Each structure stands twice: as structure tokens, then as C-alpha cells.
Amino acid sequence: MSYLEYRVKAVPTGFRKVLYLHWGLILLLIAAASVGFIMLYSVAGGSLSPWADPQIKRFIVGMIGMFVVAMVPIWFWRNISAVAYLIALCLLAVVEFFGTTGMGAQRWIDLGFMRLQPSEVAKITTVMVLAAYYDWLPPEKVSRPFWVLIPLVLIMIPVAMVLQQPDLGTSLLLLAAGGTVMFVAGLHWAYFASVIVAGVGGIFAVFQSRGTEWQLIKDYQFRRIDTFLDPASDPLGAGYHITQSKIALGSGGWTGRGFMQGTQSRLNFLPEKHTDFIFTTLAEEFGFIGGMSLLAIYLLIVIFCIASALRHKDRYSTLLTIGIAMTFFLFFAVNMSMVMGMAPVVGVPLPLVSYGGSAMLVLLGAFGLVQSAHVHRPRGTIK
Amino acid sequence: MKRTTPDSALIWRKVSRRGMLVGGLQIGFGAMLALRMRHLQVDQADQFRLLADENRINVRLIPPARGEIYDRNGVILAQNEPSYRITIIPEDAGDVDLVLRKLSHLVYVSEEDIARTKAEIKRSAPFLPVTILNRVTWDDISRVAVNAPSLPGIAPEVGLSRQYPLEDLFAHAVGYVGPVSSRDLENSDDPDPLLRIPRFQIGKVGIEAKYEELLRGRAGAKRVEVNALGRVMRELDRREGTAGANLQLTLDASLQSYCKARLGEESASVVVMDCINGELLAIASAPSYDPNKFVRGISYADYGALRDNDHRPLASKTVQDAYPPGSTFKMVTALAALEAGVISPNETVYCPGHFEVSGRKFHCWKGGGHGNVDLDKSLRESCDVYYYDLAIKVGIENLSAMARRLGLGERHDIPMSAVTTGLIPSREWKLANRNAEWVVGDTVNASIGQGFVSSSPLQLAVMTARIATGRSLVPKLIKSIDGAPAGPDMPRESLGLNENNLRFIRRAMYNVTNDRRGTAYGSRIIEDAFRMAGKTGTSQVRNISQAEREQGVTSNADLPWNRRDHALFVDFAPFDDPRISVAVVVEHGGAGSSAAAPIARDITLQALYNGDPPLSAYPSKDRNRIAKQQKDIRDLMPDLNAIKRERA
Numbered sequence: 002m003s004y005l006e007y008r009v010k011a012v013p014t015g016f017r018k019v020l021y022l023h024w025g026l027i028l029l030l031i032a033a034a035s036v037g038f039i040m041l042y043s044v045a046g047g048s049l050s051p052w053a054d055p056q057i058k059r060f061i062v063g064m065i066g067m068f069v070v071a072m073v074p075i076w077f078w079r080n081i082s083a084v085a086y087l088i089a090l091c092l093l094a095v096v097e098f099f100g101t102t103g104m105g106a107q108r109w110i111d112l113g114f115m116r117l118q119p120s121e122v123a124k125i126t127t128v129m130v131l132a133a134y135y136d137w138l139p140p141e142k143v144s145r146p147f148w149v150l151i152p153l154v155l156i157m158i159p160v161a162m163v164l165q166q167p168d169l170g171t172s173l174l175l176l177a178a179g180g181t182v183m184f185v186a187g188l189h190w191a192y193f194a195s196v197i198v199a200g201v202g203g204i205f206a207v208f209q210s211r212g213t214e215w216q217l218i219k220d221y222q223f224r225r226i227d228t229f230l231d232p233a234s235d236p237l238g239a240g241y242h243i244t245q246s247k248i249a250l251g252s253g254g255w256t257g258r259g260f261m262q263g264t265q266s267r268l269n270f271l272p273e274k275h276t277d278f279i280f281t282t283l284a285e286e287f288g289f290i291g292g293m294s295l296l297a298i299y300l301l302i303v304i305f306c307i308a309s310a311l312r313h314k315d316r317y318s319t320l321l322t323i324g325i326a327m328t329f330f331l332f333f334a335v336n337m338s339m340v341m342g343m344a345p346v347v348g349v350p351l352p353l354v355s356y357g358g359s360a361m362l363v364l365l366g367a368f369g370l371v372q373s374a375h376v377h378r379p380r381g382t383i384k
Numbered sequence: 046m047k048r049t050t051p052d053s054a055l056i057w058r059k060v061s062r063r064g065m066l067v068g069g070l071q072i073g074f075g076a077m078l079a080l081r082m083r084h085l086q087v088d089q090a091d092q093f094r095l096l097a098d099e100n101r102i103n104v105r106l107i108p109p110a111r112g113e114i115y116d117r118n119g120v121i122l123a124q125n126e127p128s129y130r131i132t133i134i135p136e137d138a139g140d141v142d143l144v145l146r147k148l149s150h151l152v153y154v155s156e157e158d159i160a161r162t163k164a165e166i167k168r169s170a171p172f173l174p175v176t177i178l179n180r181v182t183w184d185d186i187s188r189v190a191v192n193a194p195s196l197p198g199i200a201p202e203v204g205l206s207r208q209y210p211l212e213d214l215f216a217h218a219v220g221y222v223g224p225v226s227s228r229d230l231e232n233s234d235d236p237d238p239l240l241r242i243p244r245f246q247i248g249k250v251g252i253e254a255k256y257e258e259l260l261r262g263r264a265g266a267k268r269v270e271v272n273a274l275g276r277v278m279r280e281l282d283r284r285e286g287t288a289g290a291n292l293q294l295t296l297d298a299s300l301q302s303y304c305k306a307r308l309g310e311e312s313a314s315v316v317v318m319d320c321i322n323g324e325l326l327a328i329a330s331a332p333s334y335d336p337n338k339f340v341r342g343i344s345y346a347d348y349g350a351l352r353d354n355d356h357r358p359l360a361s362k363t364v365q366d367a368y369p370p371g372s373t374f375k376m377v378t379a380l381a382a383l384e385a386g387v388i389s390p391n392e393t394v395y396c397p398g399h400f401e402v403s404g405r406k407f408h409c410w411k412g413g414g415h416g417n418v419d420l421d422k423s424l425r426e427s428c429d430v431y432y433y434d435l436a437i438k439v440g441i442e443n444l445s446a447m448a449r450r451l452g453l454g455e456r457h458d459i460p461m462s463a464v465t466t467g468l469i470p471s472r473e474w475k476l477a478n479r480n481a482e483w484v485v486g487d488t489v490n491a492s493i494g495q496g497f498v499s500s501s502p503l504q505l506a507v508m509t510a511r512i513a514t515g516r517s518l519v520p521k522l523i524k525s526i527d528g529a530p531a532g533p534d535m536p537r538e539s540l541g542l543n544e545n546n547l548r549f550i551r552r553a554m555y556n557v558t559n560d561r562r563g564t565a566y567g568s569r570i571i572e573d574a575f576r577m578a579g580k581t582g583t584s585q586v587r588n589i590s591q592a593e594r595e596q597g598v599t600s601n602a603d604l605p606w607n608r609r610d611h612a613l614f615v616d617f618a619p620f621d622d623p624r625i626s627v628a629v630v631v632e633h634g635g636a637g638s639s640a641a642a643p644i645a646r647d648i649t650l651q652a653l654y655n656g657d658p659p660l661s662a663y664p665s666k667d668r669n670r671i672a673k674q675q676k677d678i679r680d681l682m683p684d685l686n687a688i689k690r691e692r693a
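If you read the sequences in order, they're chains A and B.
With the first sequence counted from 1, adding 1 to any position gets you this note's numbering.
With the second sequence counted from 1, adding 45 to any position gets you this note's numbering.
For the record, the hints were derived by calculation from the structure and aren't laboratory data.
Where hints are given, some of them may not hold.
Here are the simulated DSBU-like cross-link-like pairs (lysine-lysine), alpha carbons at most 30 Å apart as the crow flies [unchecked claim]:
# : chain 1 : residue 1 : chain 2 : residue 2
1 : B       : Lys167    : A       : Lys142
2 : B       : Lys666    : B       : Lys676
3 : B       : Lys59     : A       : Lys314
4 : B       : Lys267    : A       : Lys247
5 : B       : Lys267    : B       : Lys167
6 : B       : Lys249    : B       : Lys524
7 : B       : Lys338    : B       : Lys475
8 : B       : Lys267    : B       : Lys249
9 : B       : Lys338    : B       : Lys406
Covered stretches of chain A (in silico footprint by chain B; criterion: 3 or more residues with CB under 8 Å from a CB of chain B, positions within the stretch not fixed) [what the hints assert, rightly or not]:
#  : segment
10 : 66 to 73
11 : 149 to 163
12 : 182 to 193
13 : 209 to 217
14 : 241 to 249
Ranges of calculated distance between the beta carbons of each label pair, as one might list FRET restraints [said to hold, decoys possible]:
#  : chain 1 : residue 1 : chain 2 : residue 2 : range
15 : A       : Ala83     : B       : Lys59     : 20 to 28 Å
16 : B       : Lys59     : A       : Leu153    : 15 to 23 Å
17 : B       : Asn103    : A       : Val198    : 49 to 57 Å
18 : A       : Gln209    : B       : Thr176    : 50 to 58 Å
19 : A       : Gly66     : B       : Lys59     : 29 to 37 Å
20 : A       : Leu153    : B       : Gly73     : 21 to 29 Å
Only a predicted model underlies this, so the values are computations on that prediction, with no experimental measurement involved.
Ideal placement from N, C-alpha and C gives every residue a C-beta, glycine not left out.
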């Protein structure tokens, strides 16, 4: 169903659109972000600076952006999906050559007022272009090899570029989000089965390559995997992060040690306490109850998105919403797994909570797309 | 416009199905996360909270103040004095070079110190203080403190360091402290965590070492919260330690300082013992050294000078060196013979100047001989031949037994380093150590305190005290610990010797110093209340060959210093009611009568009068010389009142 098929009159217009926003989703986003503000205030030792204050400002900017995106009809976004995808690829290329190096990887473009991380943008645009592709592709062709190859290429280009930075975590997330879109689009099971086989083979190849000239991933990535598998092997080196993070989580208990009473984060035993490891501070200070609350908010956001997606009448909206939900899910699932010692430390922030500009702005923009799809869903019958 | 085909409807349903599957998987994964979190946070919470506390809580030791050491009158022998350091905290200083340059305008900082400071700053965390200067004076500290505003990061710090105000006076008895070394740690199974503090000061020799555990005290501890870098954030609680016990010695600093001054440049030692309770009043070894140098870290040159000095300043001669006691041993031989009943005091032996036994010729010190000698004369004039004769009669077993009874050949338990046992030989000892049978000549040699016999000045003082009292006095160095008398009073049982025999010996000793013919008549005391009884000793450190004897024995003055005889003298006083016993050994001093006896006499008088004796105690012809000597010595003695312990 193309946008021309929408009965425009059945779609809310003008300021009425505001009434059709997914307000439940907005409230949940605000709730999640507020948890972030509180934690950033806490890890700064009870101070708005240096993290909570800019985070709040960025969140407000992001919310405004989300509204703007939501007000623009979804068919517009569908039509520019390919362009957005190409722009993201260009940004990735730019960062490759002119980016600022941080933590051993080229990841940002310094825009002055913020650091733009093109890989974040690419995550969303890849989902967009895939959704648009499957919207355009006649459903019966979905599983034909040629028509499978095209989306695969669409995914692999940004994945390869992100891997080049190198940012293993984000590239895996991109792969997973793209794969999800393809899966939901109705691709035949056999493809996924073969991918799983290939994936296992690939992992095997990666480990086989260790120490050879054609080593596929960096040494530090190997070490992270090693320490993930056995954090105790190196408690003061690379395993430090995971060990300290687990100590912080575990010492929280049921109700936590109280607001701003977390010794692990306050005394700097936690690494990256305001970014990737902020969940540990939450769990330390507010305990199991606090951590579960955030997890519940996150899961509700995902459930709201999927429920919304399943009611959409066009494939673009459905696939885009599910793809974005998946991207969001992958963010917090990987981050939480990481701090709980269930996944290697890959440098994925906790969405909306971790301090960081571009990730939050891009995510809120993506939720703008979700809202746009939600607002512009035809209500009534199709002629 | 596209039509909705049955096919695409099918696929649309597939999309919904798969969308729901994805959502279901996500919720499933969320549930797994929740379970994992429950496992970590609820099931293992206690364990992790413990780990978090281990992370953040550091136990820091608070070193206790080391116990002080006083003499019997409260004069401080070892104390803790504040020592000032200048430190820099790099992160507060900002421009370290600039601050160091400014500091060097105020106080002298060597290039070496600056280089070391900078190197250390590079190594350590920026919030940890780095010492620039150690042991700076109060003046320097105040100059730095006044200029503090222009010296960011510079902080004067105060610590305690050991100090010995009397410097070399008690070095051998009190000893000194030094930083704990890895060898100290290996050799000790002491679990005290204080020893793990880098450069913690522990006793190295002397009383400081022997009473280390009492003096050290118990460490306090404070629990502090630290961050991941080790910076202290706050103190959680603290438990103060217990200061080390204060020791009061039996020694008398004024007598000790007199002894040291009186020994002068000699390589000599003196022990003064209280005959009533065994307390040691002075135990001086000369020359000495300044223990403060060892506390600060002695320079290689200074140490070399001490080590290579042929007068051996580092040796604690009073207890660690054993000398042939020479004629001071004759009381032992005489008593052994009297107790064994092999002679009577009035029996005489003819001394022709030499004595022959089993083909060997033993000489008397007096070449022409003493003629007929009875016991009194034998001690008074120190006739050797008389004792050679006794030795044959009494035998080495009786001789050794008597020596041991009088405290020779016994390691007296006093808390000083390297206390020697000396040697009282026996047949078994010779067989085991020299792999030779005991011969009668050995007994003859032993009878005059030569040959294998050796004893420390401390043992000689004990021997003299036992002869003077007839009781088994043992030396005692610690008077009280933290005000409580140290240990039970030493046993003072009778030695079980025949009082008449003892009286003979004492009388003969009295004649040594008070009879015109006595060997130490020149060193008599003429104050009747304080008459002294003593015995000279001159012990050979070389063999005199027959050829030398025929040409006339070379006099000591013509020999190189280190081949001259040791001069010894032991005495007790007052004769009627002995209060003190004194042993003096002057290494290579020559004759006991001329080198050791005058020193012993002066020290005896000093001890009895508790200060300078009146000149009337001296023979009139000596008085002028003594007056001058007293004045000279007074100039050498430190002002003890200045360092007396302040009493509340």
C-alpha cells in the first residue's frame, strides 16, 4: 500500500494530529529519561553539572524533534528513506576520514554543539530503507534470492563501514536490527537457518584467525571476549569493568543502598559510570526494585511499539516500527546483559539514560518516526 | 493501485505473526534479564555487598609512640622527637617546577633532592604527598609555613623519630633503632602489621632490640573510605593504639658519663654493679659511637671510620668481649683451694720466680721471685708461682666449678646484644674443641687467668660482687617497665662458701690496695668509710719467648699498642659493707696496677659519693693531680639536668 492509497481524509490532519500521538509511549520515554536525569545527578555527586543539566536540555531538544518528525506524514519519511540511507552512508564515510578518534575508534563528527555519531544514524536509516524496500517489493518476491540479496547488501554496507571504525557492538546491533526487519517482512526460514550456520562458522573463523596475519577483529576485542568468558582471570585489568559492575549490582540488594549512597559509583570503582555502566549505579542505589522498574519501562516501550506496529495498515509503518523497537530493545538488552556479565563489554549505552547526545537525539528522532506512523495510520475504511 | 491478492494477505498475516514472535522473544529476553538480576541482587546480595565494602574500606595503621628509655634517675636516654618534613602534593602545586624553585629560595634544597622529588612525583598518584626534605630544622619549617600562600601544594609535616640525647653515652647498652629490613622480616615470625610499614623503625641492637616488642607498643587502626584511585574520602572510625612501654634502666647517667669521660681515649670498658641487688649502675665501653647517626642512616664514610677504628667503637666491650682475666682470676683459684681444703691460708710456697711442671717452665711476673709466699701475700703481691702450685693441688675440676659459682663462664641474662659466655675450660671442653687431652700445664695457666680462661668485664664485676657478699648476685639492667618494678628481685641466696675463706680473700684484696706492699697501693682510698678492696690483673696477649726473657722482657711502653698487655682491675667498696663492685679493663693498657686501678678507684669513689668525691678521699700526694682531673672531666660531662624527664 503506497501513500497514494491512504485515504487522506481518514488520517488526522492539522493540530488534530496531536490528539492521535501515542501519549502512552511519550510518557514512558519521559519516564525513562527521568531515570537517566536522576542517575546522572547522583553519579555527579548530587550535582546537575556536568551531566544531568546538558542531558535534560538535549532531551527537551530531542522531544521537540520527535514532535516535528511525528507531525510530518509517514509517507514523506518513506519516500526519503533511500535518501536518508545514503546520507547516513556519507556521514559514515566522513567519519572514516575526518572523524574524531575516541577510545581507539573513529566514531564522531564534532559538530561543535554536539558530537554526531553517524553509526547511530545509520542504525535508523538502515531500518528505514529496509522497511521502504519491503513496502515496495511485491510480497511474493520477498524470499526470492535476488530480492534477498538487495536488502543484504543494504545492511552489509553500513555494517562494514561501522566495523571499520571499529565498533563491533554497533555493527552487530545494525546486523540484528536489519535481520529483524527482514525476518518480519516474511523472509523464508531457510535463510535464517543458513545465516545461523554461517554465523557459527564465522565466529569459529574469528577465533581461528587469532594471532594470524589476517586476524579479523582487534586484539582488545579478543581480550574483551576472553574476560567476558572468565572475568576473574583478570580482575584488575580488562575484567575490572565486569567484576566491579557485578559487585555494584549485587550489593544493591532488594531496595538498594539509597539515592546517592552507592559506594561503587561514588568512589569511582565503576568505570564509565555516567555512560555505559549507568545501570549499575541505578541497581546499586535503588536495588532490584529500581532496576526492574527501568526494565519494565523499557519493555513497555517495546510492547507499545509492537502493538502499534501490528495495527498499521501499511508495511512500511509496520516494519519501520518493529525495526525501531528492535533497535531500542537491542540497546538496553545488550547494555544490561553487559553490566550483568552476560555479554562482553561492547560499549553500547543504555538508551535514554546514559549520558550522550547523539544516541538520545537519534533515538528520539526514531520514536518520532514511530509516532508519525502511529498518527498517520488511516482510521476508518479503505476505499 | 495495487490489489490485495490472497497471496499478499497471507504474507501480511505472516508479518503480524512474525512481529508478535519478535515481541514475544523480546519479552522473553527481558524476563531472562530480570531473573539474572534477581540472582545477582537478591540471591547473592550479601556476598556482593561484602565485596563492595572490601573495595571501599581500607584499614590504615596508626603507629604507636615508641616507649621511652630513662636512667635510674629519670634522665632521658631514648626519646621520640618530632621530626619535620617538607612535602609536596603535586596536584595542589600545579606547576611543580615553579614551586620547587620558589622553595629552594627559602630553604636549601639540593639538586639531588629536586631530581629525586620529581622522579617520585612521576611515579606516584598526584594527590599523594611526596617528601622533598627530611629532618628539616624548626627554622626552615617556620620559614616555609610563613610563606605557605606562595607555595601551593607544599606542606610541612611532622612525624616522630627516635633520638638519643646523650648521643654516644649509652650507645652500647641502649642500642639504636633503624628501618625494618627485609632480613628482619624473614628472621622474625612476628605478625605485627606495623612491621609491614615501609621504613618502620625497630630496635636493631641493645635494649632497643631486646625489648622491641614492649617498646614498640600496639598499632592503632583507622578505617578509611577510599575511592578507586586510593584517595582517602573520609575516615569511618579509628581505634587508637597503645604507646610502647617506658623503660627505666638501673644505670645512672651521671656515673656512666663520668666513666666514659674517665676512660678517655683508651679502648676500655667498665662495669659498676650494685652489690646489694645486682643492679648495674654503669656499663661503659670506650670509645663509643653516636646512635643518632644510625637512626638517620649513617653515611658509608662514617660507618667505615667506625668499623676500621682499631679501638673498635662498635664493640660492646663490657659484655661481648672476653679477656683473659689474668691475676683477677687468682681469687677464684685461691677460693677453690681453700674450699677444697688443700691449703690453709698460712701455708707458704717458695717462689723462686719460676715453676716447673712436666718439663715446662712457668714464670712469675717478678723475675727474682717473691720468696716465701702465703695466701695473703700471694694476692697482695700477685705472686704467680703460688697459684701454679695451688693449681696442681686443686685440679681443673675444682677450679672450673669455683669459677662458675662466682659467675664466670656463664652468660648473664641482660638485655644487651651479643652477651658473651666467656670461657671456663674443662677437660671435656678441650677434648671437644681442641681435640687434645687436658695437660697439667693448662691447669697451671688457668690458675692465673691465662690460657683458655676468658671472661667479660661484666662477669668480672659479678665475680667481685659475689666474693664481696658471698651471695649469688646476678646483674640487672632494667629497673622498671612503665613504672612497675621489672620482674621479681633477683635471687640473692648465699653461695654456700665458707665465710672464713671468703674473709681471707677479702682481707687479701683489701691489702692489695691498702697495704704498702700491695700492687695497687697507689690507687688506695684513704677515706675510712669507703676503703676499697681490689685486685690487679695484667693479662698477656702474646707469648713471651725464652730468648726474650733472657734479654729482659720488653716493657709494654716499647711494644706496639696492639701487643701490649691488657690492664685489669676489679674492686669492691666499702670494704666493711660492700655496696658496689667495679671491673675495669683497659685494652693493651699495660699493667693493671698503673693503667686500670686508678680508673677503678676514681669510678668507685664517684659511685660511692654519687658525684665528685672530696679530695680528702685521695692520698695527699695525688690531690693536686686529682683536682685538675676532676675539673677536666667535669668539662667533658653533659649537663644531665637539662634532659631530665619532666615529672608531673
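Hint by hint, here is what the structure shows:
no.: 1; hint: Lys167/B to Lys142/A; in the structure: 67 Å, violated
no.: 2; hint: Lys666/B to Lys676/B; in the structure: 17 Å, holds
no.: 3; hint: Lys59/B to Lys314/A; in the structure: 14 Å, holds
no.: 4; hint: Lys267/B to Lys247/A; in the structure: 28 Å, holds
no.: 5; hint: Lys267/B to Lys167/B; in the structure: 28 Å, holds
no.: 6; hint: Lys249/B to Lys524/B; in the structure: 21 Å, holds
no.: 7; hint: Lys338/B to Lys475/B; in the structure: 43 Å, violated
no.: 8; hint: Lys267/B to Lys249/B; in the structure: 28 Å, holds
no.: 9; hint: Lys338/B to Lys406/B; in the structure: 52 Å, violated
no.: 10; hint: 66 to 73; in the structure: violated (count 0)
no.: 11; hint: 149 to 163; in the structure: violated (count 0)
no.: 12; hint: 182 to 193; in the structure: holds (count 4)
no.: 13; hint: 209 to 217; in the structure: violated (count 0)
no.: 14; hint: 241 to 249; in the structure: holds (count 4)
no.: 15; hint: Ala83/A to Lys59/B: 20 to 28 Å; in the structure: 25 Å, holds
no.: 16; hint: Lys59/B to Leu153/A: 15 to 23 Å; in the structure: 20 Å, holds
no.: 17; hint: Asn103/B to Val198/A: 49 to 57 Å; in the structure: 53 Å, holds
no.: 18; hint: Gln209/A to Thr176/B: 50 to 58 Å; in the structure: 54 Å, holds
no.: 19; hint: Gly66/A to Lys59/B: 29 to 37 Å; in the structure: 34 Å, holds
no.: 20; hint: Leu153/A to Gly73/B: 21 to 29 Å; in the structure: 27 Å, holds
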